[in-house]
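2 protein chains.
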Amino acid sequence: MRREAIDVRVALLGYGTVGAAVHRLLEEQGDEIERATGHRLRVVRALVRDTARERGFSPDAGVLTTDFAAVRDDPAIGLVAEVMGGLEPAGEYVLELLRGGTPVVTANKQLLARRGPELFEAAAAGAVQLRFEASVCAAIPVIKVLRESLVASNVHRVLGIVNGTTNFILSAMEAGSTYGEALAEAQRLGYAEADPAEDVGGLDAAAKTAILATVAFGSRVPVEWVDVEGIEGVTREHVAAARAMEMHVKLVARATLVDERVDVRVGPALVDSHHPLAAIEGAFNAVMLQGDAIREITLEGPGAGGLETASAVVADMVSIVGTTGTGFLQNDPVWRDLEQLPAGELTSPWYLRLEVEDRAGVLARLAHELAAEGVSVARLVQQPGDGHAVLHVVTHEAPQGGLERALAAIRSLPESRGGVSALPVVSDRGIEDLGWA
Amino acid sequence: MRREAIDVRVALLGYGTVGAAVHRLLEEQGDEIERATGHRLRVVRALVRDTARERGFSPDAGVLTTDFAAVRDDPAIGLVAEVMGGLEPAGEYVLELLRGGTPVVTANKQLLARRGPELFEAAAAGAVQLRFEASVCAAIPVIKVLRESLVASNVHRVLGIVNGTTNFILSAMEAGSTYGEALAEAQRLGYAEADPAEDVGGLDAAAKTAILATVAFGSRVPVEWVDVEGIEGVTREHVAAARAMEMHVKLVARATLVDERVDVRVGPALVDSHHPLAAIEGAFNAVMLQGDAIREITLEGPGAGGLETASAVVADMVSIVGTTGTGFLQNDPVWRDLEQLPAGELTSPWYLRLEVEDRAGVLARLAHELAAEGVSVARLVQQPGDGHAVLHVVTHEAPQGGLERALAAIRSLPESRGGVSALPVVSDRGIEDLGWA
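Residue numbers (the working numbering), protein chains in the order written: chain A, 1 to 437; chain L, 438 to 874.
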């Protein structure tokens, strides 16, 4: 039984990369959001400095405005997302909206870390919600998990890699770059600003750490409490020593509850390669939450990016307009009837281990059988076995059905020694990058 | 402004490890739950087979009952957690409760994977919620994240390590054990049942995969669709080949959306060491969610355990009694005033890099300065530098203040060459286990 969707009129403060992505997600995912909430979220106003500038996602005529009053004084606007950044005028705008009874979603970590008390007081005065998932680690839902899933878990320690720029630079230094080279590469790829001070000096991570500590411990942790050290002092010697001990140099954010007192810090640390944070490479972020009942839960994902940040903004909007009583989220998760993919159609790269007689021409016959089913060999290693040869093959993406037919043919070759097995390969990298030691 | 807490009377179906842990969490974390929801959850009934058996957490007199009717027919009971396991009678009990209008939280993956349609139909008929976070990967909040944070993310692929027993066995095989030895060790540690078939054969993972696919894709995915292969066929040769290619053998659960059709499978795979799932060791679980707007988010944590499972059951209870409008969760996260830990009090193991003159007695003086401040050396490596010696020291846990005083003293030694730096070490293992290559 489908109820009539109720429109919620949305305004955006700011229409840069994140704002345009929020608008696009709300339009493209409108059906999903309506199914989950019973509401259709429509962007009716977007505050910008210059309405004439080219925009990545074109809003309808009349949506762009340079006048904040057009947002504040429109009683039909039910929800505002602040995606303009900066402390002012963003702070005043958000305060006015909250006091006036409009719920706000913000992606602004510095605003939240520096003016949290005022903002939440205004939200209470207006009896509306202020949500801020996007302010910490973009799409990674750490705020929601802390506030809703871990209420009874006594989280006493938060450990994180919460700045992608510095993690990218440190990963590049591990791969042999100097600090200067790595920074230049990060700037070239758009991971670092022209003025990288806020990232490499740890200030971006400090604001996120203050927010995480506040939410995790339920006590106001001002950003001024965070002991901050950047990565400027990390040398190749540190990286080399870390490698010798099977550790990695990471910029680690830490919030710790010690005898009901709070310690918050951001600084370079050596992370043991067996620790979940050690595996966080490049511009990714991760946050580990340690608590009594959960031991430790780690959330990992892209910590920045316009679309990723927008997805967190939209998730907060969905939480505000509400999912209670709509059936979909609370009860049956099913809303469509998809079919099963026929057996054999799924493609994957594959690892094959084949035991064959060690004589001329075998390789050619195997390659022929694979090629006949469209299975293309990416890497091949031949090892001597016990009176026979063992072939290790890694294929490019190939459908399972073709692979199985090729293996059946290979098994029935006179040269086959019977030992034929296949495992799918899971890799984010190209198969070409896999080595053989 | 604190509102009066409203009691919610809770019944448990089953009072084994998980049930007792749920009861304990509800009592010990009662204040936190009340702050978050405005409700006090009280266990008033627990269905067991034998009321006389010894229990880990002792319920009050009259709570234990062997009569399901005492739960079903008590109109004062507002919420039931099914933690007894098995398909029957658990299934009938849950159906009766839902139809009668009582919300249910369940940790029962087989029940959900096999009788999901009936259960959700009953929930709809009773107009109540059925929540099941604990049915997949215990404390890892993957169901909530999929259903509430990723509504607009078009998740098209779920990859997971969702069975701790098999992951433990495969980790042990990588460390040199045979399959038989690893299984025996898992049984000794309580990670594997006496009859391990459901785990090692992949059936446990298959049920979780069906649930994850259903929630991720919004379409019913019956457990019968899951193509299942266990780890019984994994050999040391596979593990060795994986290592040669810098990969790991893992039992991987996969749900993939291909052209609006669903492929679900569980089986051994080779996972590239750079992939987030490769780092999941021992009995831990992880689930990676891939979608358009989020790229990929990975959630990792303990996938089993009584307390961990109970924490997910309690999280679902908190979601059902609701957090809307209670101020704490929706608005200001702050409910207490903690103090800052004084500077220097936080303890950590430390890595120290010290450049000193290469002559007799230097080591003794350094060790003396460290010991004078209570800093105990766990490992020390001396390397020749350019006309001097470089010492790499890893300490046991030591407070930062003492360490900094010791370093100041070392810097002022006549033997010091000035190069003194310190980084904290983050490790889950004992410092003793760190090597030097």
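Hints listed in this document are in silico derivations from the structure and should not be mistaken for laboratory results.
The reader is advised that the hints may include incorrect statements.
Derived CB-CB ranges, DEER-like [claimed, not checked]:
{"no.": "1", "chain 1": "L", "residue 1": "Ala-677", "chain 2": "A", "residue 2": "Glu-260", "range": "45 to 53 Å"}
{"no.": "2", "chain 1": "L", "residue 1": "Ala-621", "chain 2": "A", "residue 2": "Ala-244", "range": "29 to 37 Å"}
{"no.": "3", "chain 1": "L", "residue 1": "Asp-774", "chain 2": "A", "residue 2": "Asp-337", "range": "49 to 57 Å"}
{"no.": "4", "chain 1": "A", "residue 1": "Val-381", "chain 2": "L", "residue 2": "Glu-661", "range": "57 to 65 Å"}
{"no.": "5", "chain 1": "A", "residue 1": "Glu-260", "chain 2": "L", "residue 2": "Pro-659", "range": "47 to 55 Å"}
{"no.": "6", "chain 1": "L", "residue 1": "Glu-776", "chain 2": "A", "residue 2": "Asp-337", "range": "54 to 62 Å"}
{"no.": "7", "chain 1": "L", "residue 1": "Trp-772", "chain 2": "A", "residue 2": "Arg-429", "range": "29 to 37 Å"}
{"no.": "8", "chain 1": "L", "residue 1": "Leu-524", "chain 2": "A", "residue 2": "Arg-429", "range": "48 to 56 Å"}
Anything over 12 Å on all C-beta distances counts as not near chain A; from chain L, calculated [said to hold, decoys possible]:
{"no.": "9", "residue": "Arg-490"}
{"no.": "10", "residue": "Ser-495"}
{"no.": "11", "residue": "Asp-504"}
{"no.": "12", "residue": "Ala-506"}
{"no.": "13", "residue": "Arg-509"}
{"no.": "14", "residue": "Val-686"}
{"no.": "15", "residue": "Glu-794"}
{"no.": "16", "residue": "Arg-816"}
{"no.": "17", "residue": "Gly-856"}
Built from N, CA and C at the ideal position, the CB exists for glycine as well.
Separation of L:Ser-495 from chain A, once the least beta-carbon distance is taken, above 12 Å: At about 19 Å from chain A, L:Ser-495 clears the 12 Å cut-off, so the statement holds.
So L:Glu-794 supposedly isn't at the interface. Is its beta-carbon more than 12 Å from every beta-carbon in chain A? L:Glu-794 is indeed farther than 12 Å from all Cβ atoms of chain A, at 18 Å.
Check on L:Gly-856 being off the interface with chain A, judged by Cβ distance over 12 Å: L:Gly-856 is in fact no farther than 12 Å from some Cβ atom of chain A, at 8 Å.
At 12 Å, judged by beta carbons, does L:Val-686 keep clear of chain A as stated? violated (7 Å)
L:Ala-506: least C-beta distance to chain A exceeds 12 Å? holds (26 Å)
Is it true that L:Leu-524 and A:Arg-429 lie within 48 to 56 Å of each other by Cβ? Given a distance of about 42 Å, which is not inside 48 to 56 Å, the answer is violated.
Take the C-beta atom of L:Glu-776 and the C-beta atom of A:Asp-337, compute their distance, and say whether it sits inside 54 to 62 Å. 57 Å Cβ-Cβ, so the 54 to 62 Å window holds.
Taking 49 to 57 Å as the hint, is the beta-carbon distance of L:Asp-774 and A:Asp-337 inside that range? holds (53 Å)
A range of 45 to 53 Å was offered for this pair. Does it hold for the Cβ distance of L:Ala-677 and A:Glu-260? holds (51 Å)
Over 12 Å to the closest beta carbon of chain A is the bar; see if L:Arg-509 clears it. Label holds. Min Cβ-Cβ 20 Å, cutoff 12 Å.
Range first: 47 to 55 Å. Now tell me if the beta carbons of A:Glu-260 and L:Pro-659 are that far apart. holds (50 Å)
For L:Arg-490, is the shortest beta carbon distance to chain A beyond 12 Å? At roughly 24 Å from the nearest Cβ of chain A, L:Arg-490 sits farther out than 12 Å, so the non-interface label holds.
Going down the numbered hints, you'll see the structure goes against 4, 7, 8, 14, 16, 17, while the others check out.
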